[in-house]
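Protein chains: 2
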Amino acid sequence: MLRTHTCGQLTEADIKKEVIICGWVQARRDHGKIIFIDLRDRYGITQVVFFPKPNPAVYEQAKKLGSEFVLKIRGTVGMRPKGTENPKIPTGLVEVFALEVEILNTSMELAFSIEDDIEAGEETRLLHRYLDLRRPKMLKRISLRHKFNQALRSYLNKQDFLEIETPFLTKSTPEGSRDYLVPSRLNPNKFYALPQSPQLFKQILMVSGMDRYYQIARCFRDEDLRKDRQPEFTQLDMEMSFVEEEDVMTLAENLIAAAFKEVLGIEIATPFLRIPYKEAMAKHGSDKPDVGQGDYRFLWVVDFPLFEYNNDEKRWQACHHPFTSPKLEDIPLLDSDIGATRARAYDLVLNGQEIAGGSIRIHSPQLQAKIFKTLGISDEDAEKKFGFLLRAFKYGAPPHGGIAFGLDRLCAIVTGAESIRDVIAFPKTQKGICPLSDAPSSVEDAQLKEVYIKMIEEEKK
Amino acid sequence: MLRTHTCGQLTEADIKKEVIICGWVQARRDHGKIIFIDLRDRYGITQVVFFPKPNPAVYEQAKKLGSEFVLKIRGTVGMRPKGTENPKIPTGLVEVFALEVEILNTSMELAFSIEDDIEAGEETRLLHRYLDLRRPKMLKRISLRHKFNQALRSYLNKQDFLEIETPFLTKSTPEGSRDYLVPSRLNPNKFYALPQSPQLFKQILMVSGMDRYYQIARCFRDEDLRKDRQPEFTQLDMEMSFVEEEDVMTLAENLIAAAFKEVLGIEIATPFLRIPYKEAMAKHGSDKPDVGQGDYRFLWVVDFPLFEYNNDEKRWQACHHPFTSPKLEDIPLLDSDIGATRARAYDLVLNGQEIAGGSIRIHSPQLQAKIFKTLGISDEDAEKKFGFLLRAFKYGAPPHGGIAFGLDRLCAIVTGAESIRDVIAFPKTQKGICPLSDAPSSVEDAQLKEVYIKMIEEEKK
Numbered sequence: 001m002l003r004t005h006t007c008g009q010l011t012e013a014d015i016k017k018e019v020i021i022c023g024w025v026q027a028r029r030d031h032g033k034i035i036f037i038d039l040r041d042r043y044g045i046t047q048v049v050f051f052p053k054p055n056p057a058v059y060e061q062a063k064k065l066g067s068e069f070v071l072k073i074r075g076t077v078g079m080r081p082k083g084t085e086n087p088k089i090p091t092g093l094v095e096v097f098a099l100e101v102e103i104l105n106t107s108m109e110l111a112f113s114i115e116d117d118i119e120a121g122e123e124t125r126l127l128h129r130y131l132d133l134r135r136p137k138m139l140k141r142i143s144l145r146h147k148f149n150q151a152l153r154s155y156l157n158k159q160d161f162l163e164i165e166t167p168f169l170t171k172s173t174p175e176g177s178r179d180y181l182v183p184s185r186l187n188p189n190k191f192y193a194l195p196q197s198p199q200l201f202k203q204i205l206m207v208s209g210m211d212r213y214y215q216i217a218r219c220f221r222d223e224d225l226r227k228d229r230q231p232e233f234t235q236l237d238m239e240m241s242f243v244e245e246e247d248v249m250t251l252a253e254n255l256i257a258a259a260f261k262e263v264l265g266i267e268i269a270t271p272f273l274r275i276p277y278k279e280a281m282a283k284h285g286s287d288k289p290d291v292g293q294g295d296y297r298f299l300w301v302v303d304f305p306l307f308e309y310n311n312d313e314k315r316w317q318a319c320h321h322p323f324t325s326p327k328l329e330d331i332p333l334l335d336s337d338i339g340a341t342r343a344r345a346y347d348l349v350l351n352g353q354e355i356a357g358g359s360i361r362i363h364s365p366q367l368q369a370k371i372f373k374t375l376g377i378s379d380e381d382a383e384k385k386f387g388f389l390l391r392a393f394k395y396g397a398p399p400h401g402g403i404a405f406g407l408d409r410l411c412a413i414v415t416g417a418e419s420i421r422d423v424i425a426f427p428k429t430q431k432g433i434c435p436l437s438d439a440p441s442s443v444e445d446a447q448l449k450e451v452y453i454k455m456i457e458e459e460k461k
Numbered sequence: 001m002l003r004t005h006t007c008g009q010l011t012e013a014d015i016k017k018e019v020i021i022c023g024w025v026q027a028r029r030d031h032g033k034i035i036f037i038d039l040r041d042r043y044g045i046t047q048v049v050f051f052p053k054p055n056p057a058v059y060e061q062a063k064k065l066g067s068e069f070v071l072k073i074r075g076t077v078g079m080r081p082k083g084t085e086n087p088k089i090p091t092g093l094v095e096v097f098a099l100e101v102e103i104l105n106t107s108m109e110l111a112f113s114i115e116d117d118i119e120a121g122e123e124t125r126l127l128h129r130y131l132d133l134r135r136p137k138m139l140k141r142i143s144l145r146h147k148f149n150q151a152l153r154s155y156l157n158k159q160d161f162l163e164i165e166t167p168f169l170t171k172s173t174p175e176g177s178r179d180y181l182v183p184s185r186l187n188p189n190k191f192y193a194l195p196q197s198p199q200l201f202k203q204i205l206m207v208s209g210m211d212r213y214y215q216i217a218r219c220f221r222d223e224d225l226r227k228d229r230q231p232e233f234t235q236l237d238m239e240m241s242f243v244e245e246e247d248v249m250t251l252a253e254n255l256i257a258a259a260f261k262e263v264l265g266i267e268i269a270t271p272f273l274r275i276p277y278k279e280a281m282a283k284h285g286s287d288k289p290d291v292g293q294g295d296y297r298f299l300w301v302v303d304f305p306l307f308e309y310n311n312d313e314k315r316w317q318a319c320h321h322p323f324t325s326p327k328l329e330d331i332p333l334l335d336s337d338i339g340a341t342r343a344r345a346y347d348l349v350l351n352g353q354e355i356a357g358g359s360i361r362i363h364s365p366q367l368q369a370k371i372f373k374t375l376g377i378s379d380e381d382a383e384k385k386f387g388f389l390l391r392a393f394k395y396g397a398p399p400h401g402g403i404a405f406g407l408d409r410l411c412a413i414v415t416g417a418e419s420i421r422d423v424i425a426f427p428k429t430q431k432g433i434c435p436l437s438d439a440p441s442s443v444e445d446a447q448l449k450e451v452y453i454k455m456i457e458e459e460k461k
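First to last, the protein sequences are chains Y and L.
Counting from 1, one number per residue, gives the positions in the first sequence under our numbering.
Counting from 1, one number per residue, gives the positions in the second sequence under our numbering.
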């Protein structure tokens with residue numbers, strides 16, 4: 001290591017030690033006969049002092065240090081003079097008397113300063129994301145997200161869940177949202193699709209006997225990006241075998257309670273309030289009602305309708321997805337009153353925002369066939385779109401169900417971020433652009449030719 | 001839960017308890033007056049017994065149970081008769097006397113049996129992956145991979161690393177391998193590329209002051225698939241600031257040692273042997289020599305040349321990637337003896353296979369410009385391909401370096417799998433096809449039109 005200590009580490013216990021610290025120049029204060037540098041790294045800020053004596057060369061160097069220069073400083077730890085301590089930071093009682101300075105790198109003038117409150121627009125922040133992420137607020141969000149990930153996994157590991165990766169290059173299933181397509185070079189005129197979620201694969205994993213699966217998985221939907229959507233987003237995706245609604249919901253509650261306790265030190269009371277969909281709509285006019293007390297208002301919305309009528313297309317469609325099981329007592333309604341059939345589905349709402357949703361799935365090929373018929377999906381279409389799941393179901397599919405948490409939204413709520421973009425290291429704008437890397441971009445014609453495609457010009461479309 | 005116990009749980013301590021277990025029919029043995037079922041789930045196998053009395057209906061049901069039927073069985077736990085115990089399994093002293101059987105699902109006849117040694121070809125195994133994954137060998141591999149992931153993360157978390165997600169929809173940088181392209185709908189005639197690795201983003205994270213980053217990340221390379229390559233593969237990707245070679249290599253050794261200890265209970269001796277590239281080639285004729293003792297033969301190959309001459313294109317190219325730092329004492333050679341310049345790069349070899357590789361990166365814009373010049377990359381090209389990294393470097397980039405482990409290969413070696421396909425839940429064939437889901441597949445013309453592309457027919461290419 002180039003350093004002996006981080007910038008958040010030195011305390012009274014280190015007085016008189018010779019140390020080496022590395023970091024960025026957060027601030028320089030030139031008081032004439034004495035120059036102060038606040039040196040910053042991820043772990044904190046350490047005050048460095050420069051005097052004209054005994055080493056004028058080092059003092060002269062200090063005069064030229066600009067904001068965000070990267071330094072390696074050798075020095076001796078001392079107490080700050082009485083009255084100049086800063087009790088707000090862990091290193092606030094000490095300072096480092098500089099013996100040697102190495103400029104590891106310089107910095108051009110910044111587009112905005114490395115402080116919590118800046119006036120820069122979001123486009124500028126994203127273009128210079130490496131500066132934006134240096135701000136304490138952003139570092140805190142990224143750190144908290146890291147901790148949440150670990151706490152969630154840790155709880156699930158203890159509950160016998162297996163983390164299993166599912167493919168990103170998969171089959172296009174034109175149901176739900178629009179797929180992102182990836183042309184195949186080895187299979188001319190064929191396309192992969194990026195997964196909208198690992199839904200089909202996690203169900204296959206249950207048929208495979210994995211019993212309990214989870215994955216912190218990236219998902220992709222090519223939607224018109226509203227205020228708080230991203231082309232790629234992250235789910236904590238889970239599935240369990242031999243369960244009923246109660247099991248998945250209880251596990252989800254305990255999972256959330258464990259993570260909040262571990263990461264935020266907050267006790268969340270369980271079980272969460274449960275409100276049937278009809279009541280939520282009648283009383284609160286929303287299927288994501290914001291009721292309850294305390295900073296974190298969790299509640300379940302249950303008893304969703306299985307189908308909703310699509311007036312444009314004059315047909316019934318699945319409210320969640322076509323693998324959601326109807327409530328067993330409502331199965332007769334499939335033939336008499338489709339709209340009244342309730343789903344074995346549950347949404348978790350936090351402060352009026354949906355942060356998770358799931359259901360008990362259909363595991364019977366006969367019931368699945370009946371649902372497809374109700375949805376007007378032909379046998380041929382079902383085979384084409386979901387054939388591999390239906391085939392798997394013929395070889396001993398266990399009863400199963402699951403849930404998926406929207407981690408971007410959960411982290412945004414917990415960190416008080418206005419947008420999910422503030423908890424994603426490298427997000428995209430509403431136009432799906434990454435100002436930092438300039439993606440998406442033009443590519444060479446040869447690259448397109450290799451995958452058997454060519455562009456259509458916009459106006460000719 | 002539909003069950004009170006798993007199939008791996010019941011022991012002598014549960015004698016006389018009434019229990020409910022769920023699982024798959026692994027085997028049925030009909031001895032005339034007594035029928036045995038081996039009921040299997042992820043956790044083990046429990047023997048269930050059926051007698052004609054007192055409940056003939058349940059006994060009659062047992063006669064019709066086929067392989068891989070999914071059952072829910074209520075019964076009483078009893079000792080197996082003397083001489084019929086199976087000491088090889090944890091549940092081998094007990095059996096469950098069936099009181100009630102519910103068939104949760106049936107199964108068609110299997111393409112192969114759920115046993116370790118089967119003769120089915122790989123295509124058949126992948127088509128019926130949900131059956132293949134039920135085999136004990138495959139379950140063990142998937143479980144071990146899960147444990148490895150947790151052990152690796154656990155070690156890195158303790159060392160102050162932050163897990164940070166980087167984008168999957170990113171910019172095409174035609175350097176290295178071929179990119180997978182994703183046409184953009186919101187940005188006509190522009191394309192995202194799936195990342196070949198998070199290399200540029202992890203370097204940006206260091207410029208962002210994140211200090212220590214890791215991610216278990218999917219990577220994509222559109223290569224002709226040789227024996228043991230996959231279009232998508234998984235890396236444990238890491239980067240650290242203010243480090244030298246020694247720091248990264250020591251951390252990698254300790255990481256591996258901790259994971260092997262925790263997951264396999266095996267002590268790995270560190271530090272690993274280090275062999276300069278020249279010596280490896282001269283003595284062993286390979287840059288991945290298989291030397292040492294013990295089941296696990298780890299060694300580092302160091303002092304790689306920075307450049308290699310491309311005879312076809314008559315130019316020097318980077319052996320690793322163009323961000324790799326030359327050894328400081330070799331910098332003068334850039335002007336006098338390019339081929340002799342050594343890189344600050346290191347590869348980790350296990351049993352003759354490369355399982356990790358990394359380097360100390362260039363953090364000086366001036367040195368980076370010199371390397372690009374040596375590689376014949378024009379300023380314009382450098383700006384087009386890596387502009388965002390070079391821009392970031394102008395705002396205080398710290399010295400940094402890292403390493404990436406190929407987790408598929410590491411898990412394959414550790415589980416004794418012949419191919420990385422055996423440690424990936426849903427791998428693709430050498431043609432890049434997923435026999436299970438039938439990806440890649442044809443898509444609707446309308447889908448292509450929406451993203452401003454059309455197909456070129458194969459023969460017209």
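Check before you lean on any hint, since a few could be wrong.
Intra- or inter-copy, both count: the list cannot distinguish identical chains.
As the list claims (entries may be wrong) - In silico DMTMM-like cross-links for lysine to aspartate or glutamate, where the CA-CA straight-line distance does not exceed 20 Å:
{"#": "1", "residue 1": "Lys327", "residue 2": "Asp381"}
{"#": "2", "residue 1": "Lys394", "residue 2": "Glu102"}
{"#": "3", "residue 1": "Lys53", "residue 2": "Glu457"}
{"#": "4", "residue 1": "Lys64", "residue 2": "Asp381"}
{"#": "5", "residue 1": "Lys72", "residue 2": "Glu245"}
{"#": "6", "residue 1": "Lys278", "residue 2": "Glu60"}
{"#": "7", "residue 1": "Lys140", "residue 2": "Glu163"}
{"#": "8", "residue 1": "Lys147", "residue 2": "Glu457"}
{"#": "9", "residue 1": "Lys384", "residue 2": "Asp438"}
Source of the hints: derived by calculation from the structure; they are not laboratory data.
Q.
I'd like to know which numbered hints this structure contradicts. Please list them from smallest to largest.
A. Violated hints (numbers, rising): 1, 3, 4, 6, 8; every other hint is consistent with the structure.
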